[in-house]
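Kindly generate the complete structure, drawing on both the sequences and the hints.
In our numbering, the protein residues as written are 734 to 905.
Hints listed in this document are in silico derivations from the structure and should not be mistaken for laboratory results.
Be a bit skeptical, because a hint or two may be false.
Label pairs and their computed distance ranges (CB to CB) [as the list claims (entries may be wrong)]:
(1) Glu783 x Thr750: 48 to 58 angstroms
(2) Gly753 x Arg842: 37 to 47 angstroms
(3) Thr771 x Asn879: 21 to 31 angstroms
(4) Asp839 x Leu743: 36 to 46 angstroms
(5) Gly764 x Arg850: 46 to 56 angstroms
(6) Cys772 x Gln807: 12 to 22 angstroms
(7) Leu743 x Leu892: 41 to 51 angstroms
(8) Asp889 x Asn844: 49 to 59 angstroms
(9) Glu783 x Ala894: 19 to 29 angstroms
(10) Arg842 x Phe776: 11 to 21 angstroms
(11) Glu804 x Tyr886: 30 to 40 angstroms
C-beta atoms are modelled at their ideal positions from N, C-alpha and C, and glycine is treated no differently.
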Amino acid sequence: ATTADTELLLYFVGHSTALGPDDIRLILNMGKDGEDKTCTLSFLLRTVNEQTLIRRLVVILDTCHAGRVLETLQTFGGEYLAMLATEGGYAYDTEFSEGLLRALEDPLRKNDQRIDRSEGGVTYQRAFEAARGHVVSRNSKGRTQNPTLDGQYKGDLLLKAPVVVPKGFNDL
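Set out below in structure tokens:
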């Protein structure tokens, strides 16, 4: 059962097409008739708003035209966090997802830039920055992709970092 405290993750990796200035059509499958089976992001958000109690949403879109949905996301009836693989153009080779998964899977190390010391671990913002760095490092001439982060809880803790007291600290 869902409650107002339930957080929903909507993660889409695949093809999409632009739909007007602020929505995208997610291509989910191809039917037997050869036609694309699609769903718009606005439809998904409207369904969550109208048919559930969910008021916290994390949207990760690794698809072309993802950045077009910022205005549509603002219609969501609660808090959201959006990690979008591109501002509005093309997304290449799931590079954003690769960077995000690496940011979440790689072991944390001393002086790790993914750790927000004031929050005590990896925040959504820091995970996004690591994924964005991965994408930007792979940009090449004529093929650029600029991921975007938006929403109300960028600084919220995603992964807690272990607290380690260095050997020799305060040996008195």
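Does the beta carbon distance between Gly753 and Arg842 stay inside 37 to 47 angstroms, or does it fall outside? Holds - the Cβ-Cβ distance for Gly753 and Arg842, about 44 angstroms, lies within 37 to 47 angstroms.
Check the following: the C-beta atoms of Leu743 and Leu892 are separated by a distance inside 41 to 51 angstroms. For Leu743 and Leu892 the Cβ distance comes to about 20 angstroms; the hint is violated.
Cβ-Cβ distance between Glu804 and Tyr886: within 30 to 40 angstroms? With a Cβ separation near 19 angstroms, Glu804 and Tyr886 fall outside 30 to 40 angstroms, so the hint is violated.
Starting from the range 11 to 21 angstroms, see whether the pair Arg842 and Phe776 falls in it by beta-carbon distance. violated (42 angstroms)
Just tell me: holds or violated, for the beta carbon distance of Glu783 and Thr750 against 48 to 58 angstroms? Since the Cβ atoms of Glu783 and Thr750 sit about 25 angstroms apart, the hinted range of 48 to 58 angstroms is violated.
The hint says 21 to 31 angstroms between Thr771 and Asn879; measuring C-beta to C-beta, is that right? With Cβ atoms ~25 angstroms apart, the hint holds.
State, for the Cβ atoms of Cys772 and Gln807, whether the hinted interval 12 to 22 angstroms holds or is violated. The hint (12 to 22 angstroms, Cβ to Cβ) holds, given that Cys772 and Gln807 are roughly 20 angstroms apart.
49 to 59 angstroms as the expected CB spacing between Asn844 and Asp889, which holds or is violated: At roughly 23 angstroms between Cβ atoms, Asn844 and Asp889 fall outside 49 to 59 angstroms, so the hint is violated.
Given a hinted range of 36 to 46 angstroms, is it respected by the beta-carbon distance of Asp839 and Leu743? At 24 angstroms between Cβs, range violated.
For the range 19 to 29 angstroms, tell me whether the beta carbons of Glu783 and Ala894 fit it or not. This hint is violated: roughly 38 angstroms between Cβ atoms.
Using the C-beta atoms of Gly764 and Arg850, is the stated range 46 to 56 angstroms upheld? Once the Cβ atoms are compared, 51 angstroms apart, the range 46 to 56 angstroms for Arg850 and Gly764 holds.
In this structure, the earlier hints numbered 1, 4, 7, 8, 9, 10 and 11 are contradicted, and the remaining ones agree with it.
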